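Visitor: Sequence:
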Amino acid sequence: MSKELTPNNHIAYGEIISIIERARENAFRAVNRELISMYWEIGAYVSDKVKNSGWGKSVVSDFARFIQAERPDIKGFSASNIWRMRHFTRLTAITKNSHHWCEKLAGRKIC
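If you use the working numbering, the sequence shown closes out at 152, no skipped numbers anywhere.
No lab work stands behind these hints, which were simulated from the structure alone. Quick caveat, the model's predicted, so the values are computed rather than measured. Heads up, some of the hints might be wrong.
Claimed, not checked - With a straight-line Cα cutoff of 20 Å, these simulated SDA-like cross-link-like pairs (lysine to any residue) come out:
1) 98 <-> 114
2) 98 <-> 124
3) 92 <-> 132
4) 92 <-> 129
5) 92 <-> 133
6) 116 <-> 75
7) 98 <-> 128
8) 116 <-> 54
9) 116 <-> 102
10) 98 <-> 75
11) 90 <-> 78
12) 44 <-> 54
13) 116 <-> 72
14) 98 <-> 119
15) 90 <-> 103
16) 90 <-> 68
17) 116 <-> 83
18) 90 <-> 44
19) 116 <-> 87
20) 90 <-> 104
21) 90 <-> 72
22) 116 <-> 69
23) 98 <-> 117
24) 98 <-> 76
25) 92 <-> 135
26) 116 <-> 129
27) 90 <-> 122
28) 116 <-> 79
29) 92 <-> 80
30) 98 <-> 125
31) 90 <-> 62
32) 98 <-> 85
33) 90 <-> 108
34) 116 <-> 103
35) 98 <-> 118
36) 98 <-> 120
37) 116 <-> 92
Between the sequences and the hints, there should be enough to build the whole structure, so can you do that?
Guide: Dropping the structure here:
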């Protein structure tokens, strides 16, 4: 025997669903901020190594192979993706005066 939903509770249930949806959206935003911050930090690190330590394609490719061998659970860090992270960092440095999002990302001043 199943119980029917009580119509007078639908408004309250809808409010609870709104709370759940708002929390989920906030969680997604927080995760995305952290991912973007991580990509920027990796890109900045690689840019610095390219500029000051002579890193090039072979070193980045070696790192990509290293991370795949040592930590197969960590995905998304192919050599081409690492170069894209560097490119992202360089683009934000060029355009930082025209983008408010670049001034403060994930609670850290990165640009």
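Visitor: Does the structure break any of the earlier hints, and which numbers would those be?
Guide: 1, 8, 10, 16, 18, 21, 24, 31, 37
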